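Residues per chain are reported as follows:
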Amino acid sequence: MQLLEFQAKELFREYGINLLDSISSKNIEEGRKHAKQLGYPFVIKIQVPVGGRGKAGGIQKCQNDDEFELKYPQVMDLTIKGEKARAILLEKMADIKKELYLSLFLNRSKRSYTIIASAEGGVEIESVKNQIIKEVGLGEVSDELAREVANEMGLQGKTVDGFIDTLKKLSKLTIEKEAELAEINPLAIMQDDTIMALDGKFVTDDNSNFRHPELQKYQEKTEIEEQAEKSGFSLVELDGDIAVVGNGAGLVMSTLDMLSDNGGKPACFLDVGGGATTESVYEALTLISRINRVKGILVNLYGGIVKTTVVAEAFLKAYENNLIDLPVFARLKGTESEKAKKMLEGSRTKIYSSVEEAINAAVMGKKK
Amino acid sequence: MTDIFELLKGKPEDSDYKKKGVIVQGITGAYGSLHAHNMITYGTNVVAGVTPGKGGQKFEESVPIYNTMQEAVDATKAKISIIFVPAKFFLAAAKEALEAGIKLLVAIPEHVPIRDTMEALNLANQKGAVIIGPNTPGIMIPELIKVGIMPAMPFKAGNIAVLSKSGTLLYEISDALTNSGFGQSITIGIGGDPINGTRLIDAFEMVKDIPSLEGLVIVGEIGGDSEEMLAQKIIDSGFKKPTVAYIAGRAAPKEKRMGHAGAIVMGTYGSAESKVSMFNKANIPVAKRPAEVPVLLAGKIEKSD
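Protein chains in written order, with the working numbering: chain A, 860 to 1227; chain B, 517 to 821.
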């Protein structure tokens, strides 16, 4: 899961990484209290799970109550790259000498954790110059290696020790919480040469969630996504109107791509898993029936051993129980497909022999 | 370099040439028993199963079950195993197999924590063993041996190698290939996780020198940069066999995990555009849809003749 800045900072604080004073709030009433506690001047920072907040106006300085009353609601109302504010962080202003970049991330192709550090931080990683890159296996960083990185960055005096300390703490955090990415950008050298994390990004490995009950509070899922997970499906909500269901993540992604190529807009990605049974398809239709914007359902099942009649039963049951009244456009690869087509004659489910035909029919024939 | 064909088939002088034994870890579970049955039906020589506490029993009245991998390996001398245990027990099962001398480990479970995969992989490297997966459909030489969960129907023996991150897309695309007259010499499921025991570049190394190879199909998806690395490797190695790719996830939103743990675009890292442009650089056409793969491959083969 991907943590928000204030959540990442909670973990940083727990691990002793230096931070400015900050408090997060969900509404302006809470925010006002925090403003008093913190004292002006401070910065208002929108909490969204995407980058580019500064450019979008999501980070604003506040000198007094008037500015606060004006800017807090403005920032709260922003939508950045489709994401609404989850919270607002108020953070003390910093007197910065220099901005650095530091991250530890899972380098997938090297199959190793990797440190990226640079003396020129504060911009997006793609633009960070003079990157120092070190592979560190399972994430352990020795004093010697941390010192080497600091020296290569050209750090001097007191900042060297501050940097080593931060990197070692970040490494411990990455290992213990099983992160895929732990990023501090910018990592600042303050006027007094101390080192502080001004921002934080932290992404953990969802497959290790069962070992981390302490991180559960950061889990952000819609009700439908949670239901899907319970059924052993993976579901991602999207903003179009044609629900896309299939078995296997690759196949469903491929169906989304083809639908988009043909001018359709997917309402969700729903992978029911390797096999497909009457129950699993019925359960998938139940989930989709709860997404209001859906105007049609596109089903793409590739079952080597799946009987398509079994899947057809699920559609019939869903109409019978008034679970859905939507048209279904299905491509079912598997055995007994002629029999399945007969079963569905006269119903609102149409079976197609190729996915291309099913997609065209879905784009043309969704509910108006 | 790993000779995957020798691992799967053995050497011609071996008494069990083309009948190498396979051990199924978790053979008594619902999933393990279903696929052990399907593998046997396909012709795979399943020589033993392992389930702690069920030692002494037999699977389908013929395959002996042992309590531990060590016992199973001692009794059968098998070098191949396939794991069907739940994800949280994967690391223990993998360690047991590798310590017992398994040289090819096929890891079926989905949702294995990355750290566990990395630990298993470190041990495999020490032992000179290969891990395929996790979260893979497995590996097969069509019409000879299947160590995996793929249905038999899409595959046919032939001279095209197929490497795929996705399971169902591997079936879909192999099916399309078979229908167009392109049988497969080998298919390798890389798996949909962020960390793969056998990466696309490793799988490429396994197949690139097959003398009878007539073409290569790469089925990738968003996330990571293993497709980019493979494209670079194909450029650097001067590999000239007809090659076609397919990339799933062009329409997926950024920063969202699309079903597979590894299928996520972070910033520009892992984007479909990046993969497609690297394949273009390597002069490898990228199909827009699965059905287009055999068409592009036929075009490539025609040009190379």
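Honestly, the hints are just simulated from the structure, not real lab data. Treat the hints with care, as some may be off.
Stated by the list, open to error - Sample of chain A residues at the chain B side, in silico, Cβ under 8 Å:
no.: 1; residue: 908
no.: 2; residue: 1084
no.: 3; residue: 1086
no.: 4; residue: 1106
no.: 5; residue: 1128
To be verified - Here are the simulated lysine-lysine pairs, DSS-like style, with alpha carbons at most 27 Å apart:
no.: 6; chain 1: A; residue 1: 988; chain 2: B; residue 2: 797
no.: 7; chain 1: B; residue 1: 604; chain 2: A; residue 2: 1166
no.: 8; chain 1: A; residue 1: 1089; chain 2: B; residue 2: 772
no.: 9; chain 1: B; residue 1: 604; chain 2: A; residue 2: 1076
no.: 10; chain 1: B; residue 1: 724; chain 2: A; residue 2: 1028
no.: 11; chain 1: B; residue 1: 770; chain 2: A; residue 2: 988
no.: 12; chain 1: B; residue 1: 604; chain 2: A; residue 2: 1080
no.: 13; chain 1: B; residue 1: 593; chain 2: A; residue 2: 969
no.: 14; chain 1: B; residue 1: 772; chain 2: A; residue 2: 1080
no.: 15; chain 1: B; residue 1: 672; chain 2: A; residue 2: 969
no.: 16; chain 1: A; residue 1: 1076; chain 2: B; residue 2: 619
no.: 17; chain 1: B; residue 1: 770; chain 2: A; residue 2: 940
no.: 18; chain 1: A; residue 1: 1080; chain 2: B; residue 2: 797
no.: 19; chain 1: B; residue 1: 770; chain 2: A; residue 2: 943
no.: 20; chain 1: A; residue 1: 1076; chain 2: B; residue 2: 772
no.: 21; chain 1: B; residue 1: 643; chain 2: A; residue 2: 993
no.: 22; chain 1: B; residue 1: 772; chain 2: A; residue 2: 1209
no.: 23; chain 1: A; residue 1: 1089; chain 2: B; residue 2: 797
no.: 24; chain 1: B; residue 1: 604; chain 2: A; residue 2: 1089
no.: 25; chain 1: B; residue 1: 593; chain 2: A; residue 2: 1031
no.: 26; chain 1: B; residue 1: 804; chain 2: A; residue 2: 1124
no.: 27; chain 1: A; residue 1: 969; chain 2: A; residue 2: 957
no.: 28; chain 1: A; residue 1: 1124; chain 2: B; residue 2: 770
no.: 29; chain 1: A; residue 1: 969; chain 2: B; residue 2: 604
no.: 30; chain 1: B; residue 1: 724; chain 2: A; residue 2: 969
no.: 31; chain 1: A; residue 1: 993; chain 2: A; residue 2: 940
no.: 32; chain 1: B; residue 1: 643; chain 2: A; residue 2: 969
no.: 33; chain 1: A; residue 1: 1031; chain 2: B; residue 2: 604
no.: 34; chain 1: B; residue 1: 619; chain 2: A; residue 2: 1089
no.: 35; chain 1: B; residue 1: 604; chain 2: B; residue 2: 525
What the hints assert, rightly or not - Not close to chain A: a few residues of chain B, all C-beta gaps over 12 Å, as computed:
no.: 36; residue: 518
no.: 37; residue: 519
no.: 38; residue: 528
no.: 39; residue: 535
no.: 40; residue: 569
On a predicted model such as this, the values are computed, not experimentally measured, just so you know. The beta-carbon is built from N, C-alpha and C at its ideal position, and this holds for glycine as well.
Hint check results:
no. : hint           : in the structure
1   : 908            : holds (7 Å)
2   : 1084           : violated (11 Å)
3   : 1086           : violated (16 Å)
4   : 1106           : holds (6 Å)
5   : 1128           : holds (6 Å)
6   : 988/A - 797/B  : holds (25 Å)
7   : 604/B - 1166/A : violated (31 Å)
8   : 1089/A - 772/B : holds (19 Å)
9   : 604/B - 1076/A : holds (22 Å)
10  : 724/B - 1028/A : violated (44 Å)
11  : 770/B - 988/A  : holds (24 Å)
12  : 604/B - 1080/A : holds (23 Å)
13  : 593/B - 969/A  : violated (33 Å)
14  : 772/B - 1080/A : holds (12 Å)
15  : 672/B - 969/A  : violated (34 Å)
16  : 1076/A - 619/B : violated (42 Å)
17  : 770/B - 940/A  : holds (10 Å)
18  : 1080/A - 797/B : violated (39 Å)
19  : 770/B - 943/A  : holds (16 Å)
20  : 1076/A - 772/B : holds (19 Å)
21  : 643/B - 993/A  : holds (26 Å)
22  : 772/B - 1209/A : violated (31 Å)
23  : 1089/A - 797/B : violated (43 Å)
24  : 604/B - 1089/A : holds (17 Å)
25  : 593/B - 1031/A : violated (42 Å)
26  : 804/B - 1124/A : holds (17 Å)
27  : 969/A - 957/A  : violated (31 Å)
28  : 1124/A - 770/B : holds (16 Å)
29  : 969/A - 604/B  : holds (24 Å)
30  : 724/B - 969/A  : holds (21 Å)
31  : 993/A - 940/A  : violated (32 Å)
32  : 643/B - 969/A  : holds (19 Å)
33  : 1031/A - 604/B : holds (22 Å)
34  : 619/B - 1089/A : violated (36 Å)
35  : 604/B - 525/B  : violated (31 Å)
36  : 518            : holds (16 Å)
37  : 519            : holds (22 Å)
38  : 528            : holds (32 Å)
39  : 535            : holds (24 Å)
40  : 569            : holds (23 Å)
Violated hints, listed in ascending order, are 2, 3, 7, 10, 13, 15, 16, 18, 22, 23, 25, 27, 31, 34 and 35; each of the other numbered hints is respected by the structure.
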